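Enquirer: Residue numbers (our numbering), protein chains in the order written: chain A, 1 to 230; chain B, 1001 to 1255.
Among the hints, erroneous ones may be present.
To be verified - List of simulated lysine to any residue pairs, SDA-like, C-alpha gap at most 20 Å:
# : chain 1 : residue 1 : chain 2 : residue 2
1 : A       : LYS123    : A       : LYS37
2 : A       : LYS210    : B       : SER1039
3 : A       : LYS37     : B       : GLY1186
4 : A       : LYS210    : B       : PRO1040
5 : A       : LYS210    : B       : GLU1198
6 : A       : LYS210    : B       : GLY1186
7 : A       : LYS37     : B       : GLY1044
8 : A       : LYS37     : B       : GLY1185
Simulated from the structure, these hints should not be mistaken for laboratory data. Remember, predicted model here, so these are calculated numbers, not experimental data.
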Amino acid sequence: MIAAWVRGRAGAGSGLLALGACALLVAGAGAVHGAMKERLARPPVDELLYYPSGLLVRQASLGYESAAADVAWLRGIQYYGEHRLTDQKYEMIGHVMSIVTDLDPRFLQPYIFGALVLAQELKRTDEGLALLEKGMRANPDSWLLAFETGFIHYVCRHDYEAASRYFARASRLPGHPEYVDRFAAFATQRSGNEGMAILLWKRVLATGNKYTQDVAARELRRLGAEEGTR
Amino acid sequence: MSRVLAIARNTVREVVRERMVLVLAIFGVALVAASQVFSPLAMGEGRKIVTDFGLAGSTVLATMLTIFLGSSLLHKELDRRTIYAVMAKPIRRADFLLGKFAGLWATTALLLAGMTGIVLAVVTISYHETPWVVLGALVLTLAELAVVTAIVIFFSAFTTPALTAFFTVATVVAGHFAEDLHYFGGQGGSAAVAGITEAIYWALPHLALFNARGLVAHGIAVEPERLLFALAYGALYATASLIAAGAIFERREFR
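Generate the whole structure from the sequences, applying the supplied hints.
Expert: Structure representation (structure tokens):
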């Protein structure tokens, strides 16, 4: 009986020891998590980017939000392609691109493509610029988003001062190609010049995807600069 | 230590017998097919999409295998009564569990590394650029798998395979909502509710710490500081789960 009591006490002792060790380790893990959250915290603006439409999709993706963004991107491209061949109504494109960018704020193409379709095809320039502004808040170092914002200001809104400001901003950001400096200089010298718009559309023709190249070719034909377009 | 390794080796052999190579082959074929189908549709974003899908697919597969293979590991030993032969030897029950953990983790880690190798090869061949940054995401996912494996071992120490799988999936899913739970718990509820949600928040695994898939898909390397923090968190959490599992398993009566 005494032996059983001693065994029982020993068992209870080791149980308490295990419990104490668990508590200590979980507390340690918590401290590491707290320190990590503090040190690697994203700017608060990222949190707001997920509201309202992307929040549920983001939560439902259970950590696979980047792959979910790809699925939404592919769906958005299909949506645009289908409607381009039929009724040319792309009412939901802004919503789809907003969800894509809520899920993956670093994914730049949805901002650029969505803004171009909204501003150029649907004539909803403010919404297009808002999408690009959202992109610039999430990716403040992206010269491409600043450049595209300048582009939309120049060719869609004809706000040459704003365009010049954004081209200049793009030319100050890291990784920008040489042509950004040229556009930044041209924009201040040649505000409202059609030649500048032609140069900008030619750049889309040279660097854009299949759909944006089609839009650029159409605009170049309209401006009487068909050379080099299909 | 040698006893733990012997059990781990046996566990690896046991798990490998479940035709793991078939999983690798299916994954490879699926990824190559996906890269061919999605690249033309992705409007120049094919590389990102193949990397994303490849990393997401490999993580889902490895996590599912960990849960479903792990949930029956201990039960099989009890069912076949092989555990009596093991326990008759001078081996502690905690070492037995540790061996099971090490064996299962090593196998799924090997599988995950194989799948990541396939992702690297497919992206390199298709886009003529090797995305070495995915290795950072691999290290983090290996740590995540260690945490999930430890959770499976913890639940399997006291319940049936079906319930082990259910509890583990529930814990992993709830871990993704931990931040929301914490937020809502602190919003105007009673002190008791706030205390309970706070306790659940800290007890749940914060698996989002190990998720760098979205980052590396954009070609951004995982910061060494983040790697260090996540590995430390994973090591502490997995060790805590295994100690708890060991303490429960010590008291379990075999019938």
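Enquirer: Which numbered hints does this structure break?
Expert: 1, 5, 6, 7
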